[in-house]
Every structure is written in structure tokens, then in C-alpha cells.
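K.L.:
Here's the letter readout for the chains.
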Amino acid sequence: MSTTGERVLIKGNEAICRGAVDAGCQCFFGYPITPQNDIPEYMSKVLPSLGRAFVQAESEVAAANMLLGAAACGVRAMTSSSSPGISLKQEAISYMAGTELPAVIVNISRGGPGLGDIGPSQGDYFQAVKGGGHGDYRQLVLAPGTVQEAYDLIRKAFDLAFAYRNPVMVLGDAIIGQMMEPVTLGSATTPTNVDQDLGWNLQGKGQRHPRLLKSLHLTDGALAGHNIRLRDKYESMERDVLFDNFLVDDAELIVVAFGSIGRIAKSTIRALRASGKKVGLHRPISLFPFPSQELDRLAASGKRFLTIEHNLGQMVEDVRLAIRKHADSDFYGHLPGNLPTPEDFEQPILAALGVRT
Amino acid sequence: MSGYQDVIVAGFGGQGVMLIGTLLAYAAMEDGQNVTYLPVYGPEMRGGTANCTVVVSREDIGSPIIRLPKSLIAMNRPSLDKFQPRVKDGGTVVINSSLVDMDLADNDRLRTVGVPANEIADSLGNTKMANMVAIGAYVQLTSVVPLEVIKASLRKVISPNYAKMIPANEKAIHAGADAVRG
Amino acid sequence: MKNGKEAFTLPGVLADIPTHYCPGCQHGVAQRLVAECLDELALSEKAICIGSIGCSVFIYNYLLVDSVEAPHGRAPAVATGVKRARPEAAVFTYQGDGDLASIGMAETMHCANRGERVTIIFVNNTVYGMTGGQMAPTTMVGQRTTTCPGGRCADNEGQPIKMTEIIASLGGSAYAARVAVDSVKHVRAAKKAVRKAFEAPLNNLGLGFVEILATCPTNWKMTPVQANERIAAELIPYFPLGTFKDVTELETIEGPEVAE
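Residue numbers (the working numbering), protein chains in the order written: chain A, 1 to 357; chain B, 1 to 182; chain C, 1 to 260.
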């Protein structure tokens, strides 16, 4: 556990672990897959020494269902994986959403579809934000752009998971996972007392009425009522929207990019600003809830938009929905298999600005 | 951008390029600056070189990935071949002249400095410290962080089991700096 | 009861409501044995039940204990998560044959192999009941189901899986037994086995596993009596009853002896 204010140089994957430990994560369930192996390795070393639980599961399917079990008890628990493994966790994520269980899932995503590659990619945006599993549900999705954010957002993920009784995904990539940056650590939270009664969690009934956590609703109208309540909950998540604006006020063109791509685009924008180009950056940090209101506000003030992603175009659909009353968004997709650099984004930005080169 | 520096550190696996990249990153943090350290990842790993990118800045840092770096530490020939053409005009290139023919240096476009890192390290008792000689030279040439901070950060990257090696490594850093002091 | 004494009462942990089970189904007997053991071992206050998918799913409506519903086949993984989060709880799953031995085979095997301190109650009626009588991993060779209408063929579909033998062979299981509830004598033995399957993890010995052979008259297309008779005539000869493992104290695993 950390000393408040301590400054350390760590990679993103370790920041996620330290954030989780400091947030009072009591149980971790994982399975090996590149490029997130640092996470289960770190947790296997640290959690048992703190008297907490680490289990290497037989599969990602099992890991996610172990998470469901621990979440049902009301303790802070998490799992991590990378894209193909996250696909396998979708079953339990859907059940946890339906059962309203608080859980944290980390996806250090890689290229796909299928086995893809082990390099960075943002190809899992749709899976993370639009469901992934079956049924009419939502999960909160937080996308760190720095190692400090990786540490801070995993902590926030636990808070949000319990505030909404809902799964929360932290979506990173190999760039965020593998790079080292200084991180200022926060205070360590003591794990939830397992005896703590949250009003819904399983403890063994003791003297009270038994509790039942389930997602099956067979009686007439029961599922409709449940889903309407879930919808209201999902809409209320709007108040926790997170984003980062950079030089947007006088910008003619706003680049919309998240995670590692957002920070790489920031370098491009700085370079273009130096030659007088009025470009700004809007970086969504919460992908669900999506900062639609803020984008709408920017669009209403006459800005133009270019969405840049490390995929063939996924978030751009949400950007277009958000700004549809006032504007459209151009799109540039950097393909997986090679690392994006600030220079890669120069021409697409100039083209969106209408600059002939 | 004020005080902005970036560097690709490249060499054979085993030459300790990741170690001096990490050392530079720790030193920058100790110096109160922002820093990113990114080891190569993916297909590039199989190109015969190991490399990492370190960005140091007083401002917050955008991209941790740099295609056109301001500087390069090339510990071997393949690293120079691969990265020298990408260094920005007027950029600084530290070349391990023990292993690389200095005729290959692009003196017209770049500020290239040969440092016989292996020989210097040998003379100090251990060829393995060639990486420390190179980082000493780079820090002296760019002033990215004070030399004293680099030395003080050795304890962060050298495990306590090898603490007795720290004084020798400090000497190697100094020798690298001395070799390029104009 | 006005005259005489009450000979048969409802276990306190069993809800006093009608069940959804078909006439002649032996889930009712199985769940009653679980309820009696929970009462006798005074576990109801610290028990957490993991429901599975199949006819077994509504166990959580009948047992008055804290419960969570697992996805199909995943009950042993969910039980692992619950037990690791709450080591003091008495955690048990209640699963059918499709859930446990087909889609949940990996979770079942690994949960047992890790020696999770949980109890698995496995009700084997050789058929997918809730979905309408399809072939299960434990369907007998020659048995007709809606997905093997000509009868299970060993060449095509393999032999019925003997789970208790498999679980007994794994290092982490402390107790593994197969029982039936087709006669009074068998019911009495079954009760003892269920009780031991709960005691093994509570005594920190390892996983407790009990397989209960049970009828499904509806999907077997039999009367309750015919179905009950089939247990002895067809099932027990292939699925022998008995205790396959009973570790009474933690065995120390030692390496091979080294010659002096």
C-alpha cells in the first residue's frame, strides 16, 4: 500500500495494480494474456501478502464469474485481461449488469479481430461502450491517457461501481500499460469490512431475511420494470462524465481522440499551433457516459471536428450523434500493427482544416 | 516548448539501453520534470535492436512515441542505421564509436559525437558500463538533467544486491561526460 | 395435528411454498436433504447458496438462505469468488448434469482441483430437464432424448460421464460420493453423504461433492413409479453408488523419499 503523496516512476499496468490495492481491492481473479500480464503477476505477489485473495482462474470465463461471486458479497474485486479474454468475460459482465453487482474489469486492449496482434489498438471501443455481452445494459467505461490517470481512474472505477452497483471497465492499451511515467500516489483505503452490510450484499443471512441476487425475472412485467429502472440508472450516470479540453476556445477544428491517441494528438496539435493553425483537442475520459453535451456545446459554437482513433471508426459514431444538430465529424483511423506518432496525424488534421499541402 | 527533450536509446539486447533509459526517466522525475519512458513493443523488438524512447519536459507531455527524435544514443551499428535518418535536423547523436565507424555519422545534418564507450568502460574495469558512459555523454551534451541527479538516481535502477557497483557506475557516467566536454 | 405426535416436519430453512417440480421429480427430495443438513449443522445463518441454470435454478426460492444466481455452468467459479471474499461462509452450489458436467466442466474440475472449501450438490437425472429433454453428458447409451431421438449412440456421442469418479481423482476434493433417493435405505445413505459433503470444506479438508441420481419422469416419458424403478434397473449398474473419496484429515503431500 502507498504513502500519500509519494511520487513513483511506474508503468501503466503497475499503476492500475497500485491504484486497485490502494482503493481496497480485496479479490483479484485473472488469467494470462499479453499485454496485461504485469497485472496478475503484480497482484499475485502483493494481494496475498496483505491477506487478500488472488486466484489464477482456469479461464477468463471463470475469472469473470469468480468476480461475480466476490461482487455479490459486496467486497471490492476486479479482473483484468486483454481483448480476446475480454470477449470471454462478456457473459459474466452481462449477468453482473443484470444483477446490479459492483465490479471492475480492466481491458489492456490489443489488435483484433480474432487473435489480431499484441500491439496497441482501440478496436474494442464498441465492445466496451455498446454492450459486448447480451441484453439491454450499459457499463461505465473509463479511458486513461496517462499513467497518473490509470492510477486515479482505477480508484474512481471502484467508487463508481459501488455508487451505481454496476460493472465499470477501465479501457487502456499497450501504450498506457507499458509506458512509465511519474505518479503521485494517494492514500490507501482499507478494504471493505467483509461484515459490512450494504443492504444488498450476501453475508450469510444471520438473523435477517435471506437475500437473493439474480438477473432472472419471469413474472409478467417484472423484467420491463427492472430494465426501466436500469435505464434511469444509466441516464443518471451522466453526472459522472469526464473529459479533457485542450486549446478548444479559439480552435476552428477540434480533434476528438481518447486514451493514448488523445495524448499523441496533443503533440501534433502543439506542433501545428506553433505554425499558427487553430486546432484544439477534446479527449473523452469517460467513454460511457460519453461527453455528448460538451461536444454539442462545442459544435453549437461553430467548431469543426475530426475524430482520430486507433481503429477503423467506432467512437466517431458517438461523436457524430453528439454534434448532429450543428456539425459533422471527419475521421482518421490509424491501423493497428504500427505505433502511431504525432506526425501521422498532421496530414489528416491539415486536410480537415482545409489546408492544401 | 521550453525545456523539452526527447531521445531514442538503442543498441543490442544486453547493452543495457533499457537501463539507461530508465535511469534518465528517474533522474528527470527527481529533477521535478515530467517524463515518459516507453520500451519498444511489438514487431520492432525483432529488428535486432532493443530501444526505448524517453521524453522529458517541464510541460505536460503529449506523445510518448517519437518518430522524429531530437536526439539519439546509438550503441551499435544497426541502431545508427535505423534511427539516424529520423533524427530532426540539428539534433544530437551520441555514437558508441567503439563499435560504430564514425564515417557513418551524418555530420552535415546533425550534431554527432563519437564516444568510445566500450574502451572507456574497459579502462574503468568493466565493458558492461559502456551504457553509463553513453548516458553521461548525452546528459553533458543536452543538459536535460544535472549530471549529479543522474548519478543520484543510480540507486533507483540498480538493485540493492548490486549496490557496491554504484561508485563504478558513477565514474563511468563522469567519464562519458568528460569525453564530450568541449 | 390433533392426535398423536408430528412425525414429519418442514426443515426450518425450507420455505413453506409449493415447488415448481413435476410430479415424481426427485429434486424435491434432494433439496429437502440439503435443507435438513443445513438445519442439523446450524448453517443457515452463514450459508451462501449458488444457484445454477436448469430445473435447479429455483433452489433459491425454496431455501431460506442468502443466494446468488450463476450463469449456466459457472456456479463453481461463482462459489470460488464468494468463498474467497467470505472465507467464513458455508458456500454451496446446487447443479444439474448439463450445467455441471457439460458447459461447466472446466469450472467444476478446476474448483475441485484447487480444493475450494465449498460443497457441490450435483443432481444427475441424465437429461436437460428445463429446456425440454435434450441429451445430457450423463444420458445413458440407448436413452432416447429430443436431440438423440434414436437413443444415445456411444460411437457418436460418447459414454455418459461419471463425474464422482473424476472429482474423486482430483487432489483438491476431500469427499466425493454418489447416492440415490429411490428407496428409504438409499435416502438415508444420501442424507449422510450430503452431510459429509458439507462437513469436509467446513473442516478445511477440501471440496465436498455429492452426486444424487434422480428421476425426471416428464422427460423420461415414464410414470413416477416407472422412473423410480429405472434408477435401480439402469442407472445404478452404470453409475455405482458409494463413497469414492473421504479424506478425514489433511494429508501432507511429501516428495519422493531420497536414498541415504
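I should point out that these hints are in silico values taken from the structure, not numbers from a laboratory.
Among these hints, one or two may not hold up.
[What the hints assert, rightly or not] Per the computed footprint, the stretches of chain B lying under chain A, defined by three or more beta-carbons under 8 Å from a beta-carbon of chain A, are:
| no. | region |
| --- | --- |
| 1 | 6-18 |
| 2 | 60-69 |
[Unchecked claim] DSBU-like cross-link-like pairs, simulated, lysine-lysine; straight-line CA separation at most 30 Å:
| no. | chain 1 | residue 1 | chain 2 | residue 2 |
| --- | --- | --- | --- | --- |
| 3 | A | Lys-214 | C | Lys-5 |
| 4 | A | Lys-205 | C | Lys-162 |
| 5 | A | Lys-45 | B | Lys-70 |
| 6 | B | Lys-70 | A | Lys-278 |
| 7 | A | Lys-205 | C | Lys-191 |
| 8 | A | Lys-205 | C | Lys-46 |
| 9 | A | Lys-277 | B | Lys-156 |
| 10 | B | Lys-88 | A | Lys-278 |
| 11 | C | Lys-221 | C | Lys-245 |
| 12 | B | Lys-156 | A | Lys-45 |
| 13 | A | Lys-277 | B | Lys-88 |
| 14 | B | Lys-70 | B | Lys-156 |
| 15 | C | Lys-245 | A | Lys-214 |
[Stated by the list, open to error] From the derived model, a few chain C residues whose C-beta atoms are all more than 12 Å from chain A:
| no. | residue |
| --- | --- |
| 16 | Tyr-21 |
| 17 | Gly-28 |
| 18 | Tyr-60 |
| 19 | Glu-234 |
Even for Gly, the Cβ is constructed at its ideal location relative to N, Cα and C.
K.L.:
Looking at the structure, which of the earlier hints fail to hold?
P.N.:
1, 3, 4, 5, 9, 11, 15, 18
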